[in-house]
Structures are given as C-alpha cells and as structure tokens.
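The opening position of the sequence shown corresponds to residue 42 in the numbering used here, with each subsequent residue numbered one higher.
For the record, the hints were derived by calculation from the structure and aren't laboratory data.
Straight-line alpha carbon distances no greater than 20 Å define the calculated PhoX-like cross-link-like pairs of lysine-lysine that follow: (1) Lys109 <-> Lys47; (2) Lys82 <-> Lys59; (3) Lys119 <-> Lys56; (4) Lys119 <-> Lys59; (5) Lys109 <-> Lys119; (6) Lys109 <-> Lys59; (7) Lys109 <-> Lys67; (8) Lys112 <-> Lys86; (9) Lys109 <-> Lys82; (10) Lys90 <-> Lys56; (11) Lys86 <-> Lys59; (12) Lys67 <-> Lys90; (13) Lys106 <-> Lys47.
Derived DEER-like restraints, expressed as beta-carbon distance ranges: (14) Ile92 <-> Trp46: 16 to 22 Å; (15) Arg105 <-> Lys82: 16 to 22 Å; (16) Lys59 <-> Gly125: 16 to 22 Å; (17) Arg116 <-> Ile95: 14 to 20 Å; (18) Glu96 <-> Lys59: 16 to 22 Å.
Ideal Cβ placement from N, Cα and C applies to all residues, glycine included.
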Amino acid sequence: MQENWKWFVYILECKDGKYYTGMTWKPGLRYDQHVSGLGSKYTAKHGVKRIAYIEEHEDLELARKREKQIKDWSREKKENLIRGEWKSEW
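Generate coordinates for the entire structure from the input sequences, incorporating the hints supplied.
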C-alpha cells in the first residue's frame, strides 16, 4: 500500500438493508470486488445494493481512524451521515 495516495472511506448498503463500512485507495475496483462476492465475507453473504456514502482522505491513518469511527456508530448516525444531516466533529 502507498501511504501518500488518496484513501476513501465508504458505506455500502447491502441488499438486506444493512450497512458495510470499509476503506480503499481504488473505490471503483473495490466496489466491483464487493459486488462480485470477492470484496469481503460480509458483502458476499449479504449482497451489495449501492454505495451509500463515500469520502476522500489524503492520509492513510486518518482514513483508518474514520473507518473505525463510522463502524462504531449506530445505524441512525450512519443514516444521518448518508443523508448529509450529520456533521461529525472528529
């Protein structure tokens, strides 16, 4: 992995309505992997409906911290972020 590349934190909406949060430096490729069942065990099991949210980061460590932060959030908080109604202070 290159630490000076742009990183993306994303939320996928799965076919069963659940959310999956991840990070990558190639969002298009990673999305295709999730859709084809090769992205993660979770998305392979639950299926992918759409990319619900994505944000860009210049720094790998910040992207990792943000991914963890979002994963720890409630469903309601994630949905507010997806709708643009949540302004995080991190």
